[in-house]
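There are 2 protein chains.
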Amino acid sequence: MSVIQVERKVLAKNDIIANQNRETFTNNKNFTINLVSSPGSGKTSLVEKTIQHCNGKFKIAVIEGDVQTDLDAQRIDKLNVPVAQIVTNGGCHLEANLVKDAMNDLNVEDIDLVIIENVGNLVCPAGYDLGEDMKVVFVSVTEGDDKPLKYPAMFRNAAACVINKIDLVPYLNCSVEELKKNALSINPQLKIFLTSCITNEGIDEWCNWLRSNLKK
Amino acid sequence: MSVIQVERKVLAKNDIIANQNRETFTNNKNFTINLVSSPGSGKTSLVEKTIQHCNGKFKIAVIEGDVQTDLDAQRIDKLNVPVAQIVTNGGCHLEANLVKDAMNDLNVEDIDLVIIENVGNLVCPAGYDLGEDMKVVFVSVTEGDDKPLKYPAMFRNAAACVINKIDLVPYLNCSVEELKKNALSINPQLKIFLTSCITNEGIDEWCNWLRSNLKK
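Listed in order, the protein sequences are those of chains U and V.
In terms of numbering that gives the first Met the number 0, the first sequence is residues 0 to 215.
In terms of numbering that gives the first Met the number 0, the second sequence is residues 0 to 215.
Keep in mind that the hints were calculated from the coordinates and are not lab data.
Relax, there's no trap hidden among the hints.
Copies of the same chain look alike in the list, so a pair counts if it works inside one copy or between any two.
Derived DSBU-like pairs (lysine-lysine); straight-line CA-CA distance at most 35 Å: (1) 180 x 77; (2) 179 x 77; (3) 215 x 56; (4) 190 x 99; (5) 179 x 48; (6) 180 x 48; (7) 77 x 48; (8) 77 x 99; (9) 8 x 99.
All chains should be built: construct the whole structure from the sequences, respecting the hints.
See below:
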């Protein structure tokens with residue numbers, strides 16, 4: 000038996016559970032997004048901002064994925080929304096069965112928006128369906144404008160792209176126009192947001208878009 | 000057969016080839032470092048700086064690893080040092096057999112310093128020996144000071160840690176002291192460098208340390 004066959008088995012098993020998750024999300028009318036990016040692109044900070052801006056208007060729950068620690072869940076818990084932490088203990092991506100367990104812990108029936116924050120890794124999570132409505136790929140301007148070309152699968156498999164930490168552009172050798180162009184060259188359908196959690200640029204637009212996607 | 004068994008087989012096979020690579024490096028008296036980090040932490044920029052500062056003093060060759068594109072090898076090639084690009088086509092880390100092929104292409108016999116730049120991924124490359132003398136983990140201050148705690152394996156398996164883009168600290172919510180403390184809490188033996196490719200802070204110290212490790 001070769002590794003490739005085993006990988007296929009793992010993915011096939013993952014897809015079965017991902018479809019069960021999707022059925023649950025659909026029955027609950029949860030809009031569910033899977034946030035993927037490099038470590039340190041600012042996913043958790045934008046989740047915090049999203050909760051602060053939107054939580055009076057609709058109900059949010061968060062599933063945090065990390066290799067180690069529950070630091071991110073601690074940050075979200077302070078904002079008084081339901082949150083579950085998945086610690087992968089070295090695993091480089093979330094899988095559907097872990098999300099299923101987290102959903103059972105959280106009780107997401109009356110939730111409008113379920114945010115899954117994946118492990119910080121711009122490669123491996125691209126291949127794993129968790130049952131979400133869409134992947135949203137984050138890229139910080141500090142990472143440089145070539146990242147969509149170097150890590151294309153993640154940009155190809157996402158429906159939206161958040162270009163974050165936009166306030167730092169004046170101090171960097173990074174062209175936002177080039178970054179956008181590179182992302183759209185991989186996936187012309189990407190909905191692109193430019194955001195900063197320091198200046199709040201783009202946060203209203205991001206939250207309005209989330210709201211427009213809600214199912215109830 | 001379970002996935003874990005297959006993974007062990009893959010790792011065991013990798014270790015055999017890694018030991019062959021190590022024997023070759025030892026026979027050639029190559030000092031070999033494996034640079035690992037998140038995407039966009041500035042590994043390639045620091046490799047460029049290293050070549051500009053050191054290439055008159057000792058001989059450098061570079062092996063670039065990327066999921067897609069040869070953009071990084073193109074950058075290094077402009078500096079007139081031997082460079083090989085490994086494109087993993089979706090693979091999330093370098094393996095020893097790929098490095099072995101690159102070594103054969105490069106002819107590293109008379110080289111003093113072999114720099115292997117791994118795929119940008121703070122998780123998966125931690126577990127793969129390539130035959131290098133040591134791993135050097137890079138972390139950009141833009142990624143936040145909690146990364147060593149959230150991705151401990153990479154910091155545990157490295158001998159040195161480059162805290163990069165130090166010029167951006169004034170614009171960030173990142174404490175370099177906290178970042179150092181967190182890195183040393185995972186691995187108290189880490190040799191730590193603070194660097195910036197914009198201001199050249201720390202570049203001399205980094206290059207002197209490389210020079211002190213050469214074997215010929």
